[in-house]
Amino acid sequence: VIPENHMVTDGLKLWSTLHKFVEGMVKNIMKDNETLKNDAEIQAWFKELTGELGALNDPGQGHNLGRGIPGNGRMESLEDLTKFLTTLLWIVTGEHASVNNGAYEIYGFVPYSVFTIKLGANATKIDIPEKEIANAMLSRADACEAASFVRLLTLPTRDVVGSYDGPFFAAAKRGHDDSSRKQQVELIDKFREDLEELS
Numbered sequence: 001v002i003p004e005n006h007m008v009t010d011g012l013k014l015w016s017t018l019h020k021f022v023e024g025m026v027k028n029i030m031k032d033n034e035t036l037k038n039d040a041e042i043q044a045w046f047k048e049l050t051g052e053l054g055a056l057n058d059p060g061q062g063h064n065l066g067r068g069i070p071g072n073g074r075m076e077s078l079e080d081l082t083k084f085l086t087t088l089l090w091i092v093t094g095e096h097a098s099v100n101n102g103a104y105e106i107y108g109f110v111p112y113s114v115f116t117i118k119l120g121a122n123a124t125k126i127d128i129p130e131k132e133i134a135n136a137m138l139s140r141a142d143a144c145e146a147a148s149f150v151r152l153l154t155l156p157t158r159d160v161v162g163s164y165d166g167p168f169f170a171a172a173k174r175g176h177d178d179s180s181r182k183q184q185v186e187l188i189d190k191f192r193e194d195l196e197e198l199s
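End of the sequence shown = 199 in UniProt numbering, gap-free, step of one.
FYI, nobody ran anything at the bench for these hints, they're computed from the structure.
There could be a bad hint or two in this list.
As the list claims (entries may be wrong) - No more than 35 angstroms apart at the CA atoms, straight line, and that leaves these computed lysine-lysine pairs for DSBU-like: (1) 182 <-> 31; (2) 83 <-> 20; (3) 190 <-> 83; (4) 31 <-> 20; (5) 27 <-> 182; (6) 190 <-> 37; (7) 190 <-> 13; (8) 83 <-> 13; (9) 131 <-> 20; (10) 131 <-> 118; (11) 27 <-> 37.
These numbers come from a predicted model, not from an experiment.
Let the sequences and hints guide you as you build the complete structure.
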């Protein structure tokens with residue numbers, strides 16, 4: 001860990017908060033490793049994600065997120081499931097915010113987005129005429145689309161993490177008793193408190 005790096009420190013606190021919540025919910029819903037191994041829906045989901053044509057295993061798209069998922073397409077331990085789900089939550093919360101929240105200030109003014117200029121690298125270090133640079137810029141329509149895309153990435157979400165109620169989880173699994181539902185509500189309330197404390 002980089003000392004006195006607030007982004008890292010806050011990120012680790014968020015990870016810990018997410019992990020504690022996910023761990024509690026996984027244990028509440030799954031009970032033990034055997035329950036997980038016999039859960040056809042979760043096993044089918046993991047097989048789909050990590051299979052040959054799975055979304056997490058597509059090097060043609062520039063990623064191979066299936067690499068590192070234990071069990072060759074089978075999720076066999078609550079610990080591994082907790083880590084995987086925590087990672088998913090982290091990606092769509094902390095990582096997304098750290099990468100995208102400041103993007104509009106940088107890329108909202110399209111000429112600052114040098115990756116949009118249609119001009120090769122200047123290897124000769126000669127002056128490039130202004131007209132050539134102007135012609136290399138995006139068209140007005142493309143510039144509007146680029147700025148809109150960046151703006152979309154930086155809009156605050158309406159459904160923030162923690163904005164669900166107990167039945168959201170309890171309804172997903174039939175046969176859960178009232179004490180299980182009560183524990184889910186308690187976990188959600190504690191999660192919200194922990195998130196509030198972070199902010």
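Structure-based check of all given hints:
no., hint, verdict
1, 182 <-> 31, "holds, 15 angstroms"
2, 83 <-> 20, "holds, 10 angstroms"
3, 190 <-> 83, "holds, 19 angstroms"
4, 31 <-> 20, "holds, 16 angstroms"
5, 27 <-> 182, "holds, 14 angstroms"
6, 190 <-> 37, "holds, 28 angstroms"
7, 190 <-> 13, "holds, 15 angstroms"
8, 83 <-> 13, "holds, 15 angstroms"
9, 131 <-> 20, "violated, 57 angstroms"
10, 131 <-> 118, "holds, 13 angstroms"
11, 27 <-> 37, "holds, 14 angstroms"
In the structure shown, a violation is registered for the earlier hint numbered 9 alone.
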